[in-house]
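Engineer: Residue 1 is where the sequence shown starts when you use UniProt numbering, and the numbers rise one by one after that.
Read the hints as simulated data drawn from the structure, not as lab findings. What you are looking at is a predicted structure, and each value in this text was computed from that prediction instead of being measured. Be aware that one or more of the hints could be misleading.
Taking lysine-lysine and the DSSO-like style, the derived pairs with C-alpha atoms no more than 30 angstroms apart in a straight line are [stated by the list, open to error]:
| no. | residue 1 | residue 2 |
| --- | --- | --- |
| 1 | K94 | K41 |
| 2 | K118 | K94 |
| 3 | K41 | K86 |
| 4 | K86 | K136 |
| 5 | K136 | K118 |
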Amino acid sequence: MINEGEGGALVEEWVELANGCICCTVKHSLVQALEQLVQRKERLDHILLETTGLANPAPLASVLWLDDQLESAVRLDSIITVVDAKNLLFQIDKYRHLSSYPEAIHQIAFADVVILNKVDLVSPERSGDSLDELEKEIHEINSLAHVIRSVRCQVDLSEVLNCRAYDATHVTRLEGLLEEHQYKSSQNLHDNNVRTLSICEPLAVNLDKVILQIAS
Numbered sequence: 001m002i003n004e005g006e007g008g009a010l011v012e013e014w015v016e017l018a019n020g021c022i023c024c025t026v027k028h029s030l031v032q033a034l035e036q037l038v039q040r041k042e043r044l045d046h047i048l049l050e051t052t053g054l055a056n057p058a059p060l061a062s063v064l065w066l067d068d069q070l071e072s073a074v075r076l077d078s079i080i081t082v083v084d085a086k087n088l089l090f091q092i093d094k095y096r097h098l099s100s101y102p103e104a105i106h107q108i109a110f111a112d113v114v115i116l117n118k119v120d121l122v123s124p125e126r127s128g129d130s131l132d133e134l135e136k137e138i139h140e141i142n143s144l145a146h147v148i149r150s151v152r153c154q155v156d157l158s159e160v161l162n163c164r165a166y167d168a169t170h171v172t173r174l175e176g177l178l179e180e181h182q183y184k185s186s187q188n189l190h191d192n193n194v195r196t197l198s199i200c201e202p203l204a205v206n207l208d209k210v211i212l213q214i215a216s
């Protein structure tokens with residue numbers, strides 16, 4: 001996972017994974033590999049797992065989010081997504097009216113922390129308004145994400161480590177955040193060709209007649 005240490009020294013200890021995508025074919029091997037890594041070292045404070053920009057975090061999170069009763073030496077602390085402030089709106093607008101979304105949207109949706117990077121590249125004359133708009137767009141996708149503005153991803157480590165986002169004790173805090181951040185999107189996030197109709201009937205409904213009506 002790390003091929004270079006301090007001063008460029010080569011780190012010779014490796015944990016081998018079978019060939020494949022870390023969020024698909026080798027995701028189960030990953031947990032075993034991480035536990036092997038912990039056993040090899042006397043003490044590890046944190047393991048930072050960096051995926052590619054095309055990775056879907058959902059399958060990986062489901063594997064790493066282990067039950068506390070399993071007493072694994074490894075626990076999922078948080079999912080951190082880095083967003084390009086200069087190109088975010090282009091990515092969102094490109095897929096806004098489609099029924100399926102690219103990995104970039106999924107990565108924001110599953111993030112506990114979003115690092116809004118390259119804020120220095122946003123137009124200086126209206127950077128304040130633009131950055132506020134970008135944060136609003138992020139919260140339209142994920143209202144609970146903690147957004148950090150950065151340049152060259154320089155952030156305070158206390159904001160991205162030990163978030164404990166998946167602890168059982170975090171549930172109460174999440175409920176409070178949901179009440180506080182009730183974002184309602186003004187955009188239709190589904191395929192425009194899909195329509196739904198709801199009919200409320202207080203009396204018993206004849207299912208056969210309903211099926212005939214739908215068929216007609």
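Engineer: Check whether the Cα positions of K41 and K86 lie no farther apart than 30 angstroms.
Structural biologist: This hinted pair is violated, its Cα atoms lying about 40 angstroms apart.
Engineer: Could you grab the alpha-carbon distance between K86 and K136 and see if it respects the 30 angstroms cut-off?
Structural biologist: At roughly 15 angstroms apart (the allowed maximum being 30 angstroms), K136 and K86 satisfy the hint.
Engineer: Sort out whether K118 lies within 30 angstroms of K136, counting only the CA atoms.
Structural biologist: holds (17 angstroms)
Engineer: Is it true that the CA of K118 sits at most 30 angstroms from the CA of K94?
Structural biologist: holds (20 angstroms)
Engineer: Between K94 and K41, is the straight-line Cα distance small enough, at 30 angstroms or below?
Structural biologist: It is violated: about 45 angstroms lies between the C-alpha atoms, which goes past 30 angstroms.
Hint compliance for this structure: hints 1, 3 are not met, and every other hint is.
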